[in-house]
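A.B. asks: Given next are the chains, with one letter for each unit.
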Amino acid sequence: MLSISNLNKSYGRTKVLTDINLDLTANKIYGLLGRNGAGKTTLLKLITSQLLRNSGEIRLDGEEVFENSRALERISLAKELPSSLKEKKAREIFALAGLLYKDWDEEYKDYLVREFNLNTKKKLSKLSTGNQTIVVLIMGLASRSGLTMFDEPTLGLDASVRYKFYNLLLEDYEKHPRTIIISTHLIDEVANLFEEVIILSDQQVALREDVNTLLEKSFYLSGREDLINPIIKEKRIIHRETFGATKIVGIYGYLTAEEKQYLKAQGVELSNIPLQKLFVYLTEGNKEGAI
Amino acid sequence: MLDPSSDKSIYVQVAEIIENEILLGNLKEEEQAPSTNQFAKVYQINPATAGKGLNMLADEGILYKKRGLGMFVREGAKEKIIKKRQALFLKETLPEVLREADRLEITVAEIVDYIKELRGGV
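Sequences listed follow chains A and B, in order.
Heads up: the first sequence begins at 4 in our numbering, then just goes up one per residue.
Heads up: the second sequence begins at 141 in our numbering, then just goes up one per residue.
Some clues are possibly wrong.
Here are the simulated DSSO-like pairs of lysine-lysine, each with C-alpha atoms no more than 30 Å apart in a straight line [what the hints assert, rightly or not]:
1. K148(B) - K280(A)
2. K148(B) - K220(A)
3. K236(A) - K267(A)
4. K31(A) - K206(B)
5. K192(B) - K220(A)
6. K223(B) - K263(A)
7. K181(B) - K220(A)
8. K220(A) - K224(B)
9. K256(B) - K238(A)
10. K181(B) - K105(A)
11. K236(A) - K148(B)
12. K231(B) - K267(A)
13. K192(B) - K280(A)
14. K206(B) - K267(A)
15. K267(A) - K181(B)
16. K220(A) - K220(B)
17. K218(B) - K250(A)
18. K238(A) - K220(B)
19. K192(B) - K167(A)
20. K218(B) - K267(A)
21. K223(B) - K238(A)
A short list of chain A residues far from chain B (calculated; beta carbon distances all over 12 Å) [what the hints assert, rightly or not]:
22. R73
23. S86
24. K263
Residues of chain A clear of chain B, computed beta-carbon distances all greater than 10 Å [what the hints assert, rightly or not]:
25. T51
26. E70
27. L84
28. K125
29. E174
30. G256
It should be emphasised that the hints constitute simulated quantities derived from the structure, not laboratory data.
Owing to the predicted nature of the structure, the values given are computational and were not obtained by experimental measurement.
Idealized CB from N, CA, C, for every residue including glycine.
With the hints as extra help, turn the sequences into a complete structure.
C.D. replies: Structure representation (structure tokens):
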């Protein structure tokens, strides 16, 4: 669906992305994760050609997207609107989006406006932060683009509006399957929406994995050190903590059924590492867990 | 409900939710199981994850696919689940209970007495 190869981007002398290679399959929901400044927004803007790359290729269904309106009108990026649009009314912004996106659905936009209870006659600058975000979310959802990307979609939203967005997203994804990329900091809240996650770290794609697989091969082991040690000898340890006489060790790698049974029999507690934590361990710089 | 911090994957939990419904009799043989999209909506999970749970049950012969209609509970599903859970109970749940009893210095005789009491002396 989307195929990125050897993509490089720097701002002046600062490298932001180095040799990014990514192949996304159609109709999956991807989570794009990375620490602040890891280049998530840069990557998304390169995909929509809002930024110029230094080198590399970005293809949508085989077609290079650069200066290719036929490809670009099928890609939408929902992100905070530039200040140049802040004096426009929400409905004027939707009208612009309708021109920009080939698959825009006006009726669906109206439905979303009602669902979110948005006053479209107000200028953006007169709307609350949350309502400004809602304008952006509606643009993304109603674009119905084959590749729909959301950059930090829940900025300034309270929990009930966030959940409404997740529900609407899943509902529309069911009716109109498309490829969705969500970049976010609120990882645990959306972890279950993702089918795959992509982690950017040190200018590169540090990890790209099916969410279920990822969670199936990461564990906390908590118990006496001498009981845990034989099992973790060969494993990749991403986290260590001591808690009294108890050792808590985070590992990244599969455990066999025998190993699990041994640990349980020894009274070692076994639990999953939530995605948010896993992300922190894997992207911590200069630590043993870092990728 | 789904427990994100459990050591079980979300899709395994999806499968267990359906198994529990069948065990409780809320979902009967030859009845239609909830669809991936229903699961996705109610539990706010990716439909592919829900689908993985349903497919796992299909592989185990607990559900079966009707083309274009969805997943249905196979005849004998309840029996199958009971057998599977019995084995699990004996292999995992009970040993865990006994380990905890050991830690708490409760003897097997005391446990047996307590069980009898709970069951009204039967």
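A.B. asks: Compare the structure with each hint and give your call.
C.D. replies: Hint check results:
no.	hint	in the structure
1	K148(B) - K280(A)	holds, 17 Å
2	K148(B) - K220(A)	holds, 11 Å
3	K236(A) - K267(A)	holds, 17 Å
4	K31(A) - K206(B)	holds, 24 Å
5	K192(B) - K220(A)	holds, 17 Å
6	K223(B) - K263(A)	holds, 22 Å
7	K181(B) - K220(A)	holds, 26 Å
8	K220(A) - K224(B)	holds, 24 Å
9	K256(B) - K238(A)	violated, 45 Å
10	K181(B) - K105(A)	holds, 27 Å
11	K236(A) - K148(B)	holds, 23 Å
12	K231(B) - K267(A)	holds, 12 Å
13	K192(B) - K280(A)	holds, 24 Å
14	K206(B) - K267(A)	violated, 40 Å
15	K267(A) - K181(B)	violated, 34 Å
16	K220(A) - K220(B)	holds, 28 Å
17	K218(B) - K250(A)	violated, 41 Å
18	K238(A) - K220(B)	violated, 36 Å
19	K192(B) - K167(A)	holds, 25 Å
20	K218(B) - K267(A)	holds, 28 Å
21	K223(B) - K238(A)	violated, 35 Å
22	R73	holds, 29 Å
23	S86	holds, 34 Å
24	K263	violated, 9 Å
25	T51	holds, 24 Å
26	E70	holds, 34 Å
27	L84	holds, 27 Å
28	K125	holds, 30 Å
29	E174	violated, 6 Å
30	G256	holds, 15 Å
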